[in-house]
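Working from the sequences, and respecting the hints, build out all of it.
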Amino acid sequence: MAIGPVFIIGLWAAANGIFLLVVNAWGWLHPAPGSTRAPQVGRSAARSLVRAVLVALATAAVAYLIVATAQYFFTSDVRFWMVAFKATTPEKFGYLFAYLPLYLVYFVPLAVVTNTANRVHLAGGEATNTALTMAIAVAGPVILVAYQYITMAVTGYPAPGFMGLFSIWLFPLIVIIPTAVLVSRRLYLRTGSTYLGGLVMAVIATLISVSNSLMVIG
206 MAIGPVFIIG
216 LWAAANGIFL
226 LVVNAWGWLH
236 PAPGSTRAPQ
246 VGRSAARSLV
256 RAVLVALATA
266 AVAYLIVATA
276 QYFFTSDVRF
286 WMVAFKATTP
296 EKFGYLFAYL
306 PLYLVYFVPL
316 AVVTNTANRV
326 HLAGGEATNT
336 ALTMAIAVAG
346 PVILVAYQYI
356 TMAVTGYPAP
366 GFMGLFSIWL
376 FPLIVIIPTA
386 VLVSRRLYLR
396 TGSTYLGGLV
406 MAVIATLISV
416 SNSLMVIG
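With the numbering used here applied, the sequence shown corresponds to residues 206 to 423, in that order.
Just so you know, the hints here were simulated from the structure itself, not pulled from any lab data.
Backbone N, C-alpha and C define an ideal beta-carbon position, used for all residues, glycine too.
Each hint should be verified, as a subset may be incorrect.
Cβ-Cβ distance ranges computed for the label pairs, FRET-style [as the list claims (entries may be wrong)]:
| # | residue 1 | residue 2 | range |
| --- | --- | --- | --- |
| 1 | Leu259 | Val380 | 25 to 35 Å |
| 2 | Ala273 | Leu337 | 33 to 43 Å |
| 3 | Tyr362 | Ala230 | 37 to 47 Å |
| 4 | Phe367 | Tyr277 | 34 to 44 Å |
| 5 | Tyr277 | Gly366 | 38 to 48 Å |
Next comes the structure, spelled out in structure tokens:
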């Protein structure tokens with residue numbers, strides 16, 4: 206397996222996913238005053254897992270087909286800020302299956318926490334709760350990037366323990382993570398599946414990662 210940005214970010218994501226599971230379990234066992242649990246957790250029964258997986262794969266396949274078509278006919282890919290989604294070479298698809306488990310360990314728990322954790326009643330209702338969840342979820346990468354740039358601006362040197370590329374690797378996550386929260390929440394409200402959004406985003410995020418030209422192979 207290649208040891209590069211995709212693996213390092215995936216490993217970091219998996220560690221965060223395990224932490225999310227622990228936090229969710231604690232919050233479920235010790236609900237905060239004035240909060241409520243998601244009312245339809247039971248709808249994500251084991252029997253719906255196969256359908257959720259099929260929907261996630263179909264969604265990712267359609268997204269990739271659109272990107273591949275754009276690249277083939279228009280020599281273009283899909284880009285937003287530091288996030289690039291483009292068609293990849295056949296040999297890289299093997300890495301998709303190698304790295305996908307790491308991303309699943311993060312995005313599925315993120316979706317579950319987003320949809321089943323205690324949701325505090327705030328002014329603005331659903332929109333406010335979702336926006337707050339998005340901000341909290343992406344806070345880690347934002348803080349790390351800010352720390353590196355502030356340290357560089359103040360001292361003239363990179364932050365101790367961080368390579369210059371670490372910030373570049375984190376930039377796509379600043380877009381992908383809040384998007385994953387929003388997608389997970391919207392799909393939950395439409396389907397009742399707590400983990401469908403996590404499955405969809407895990408596959409798409411892995412596709413984006415392995416198709417990126419900065420990936421290290423070999």
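Consistency of beta-carbon spacing, alanine 230 to tyrosine 362, with hint 37 to 47 Å: Holds, since tyrosine 362 and alanine 230 (Cβ atoms, about 41 Å apart) stay within the stated range.
Consistency of beta-carbon spacing, glycine 366 to tyrosine 277, with hint 38 to 48 Å: holds, 42 Å
Distance restraint hint 33 to 43 Å, applied to the beta-carbon atoms of alanine 273 and leucine 337: Hint holds: Cβ distance 36 Å, inside 33 to 43 Å.
Valine 380 and leucine 259 - C-beta distance against the hinted 25 to 35 Å: At roughly 26 Å between Cβ atoms, valine 380 and leucine 259 fall inside 25 to 35 Å, so the hint holds.
Range hint compliance [Cβ, phenylalanine 367 to tyrosine 277, 34 to 44 Å]: holds, 38 Å
Hint violations for this structure: none, all hints satisfied.
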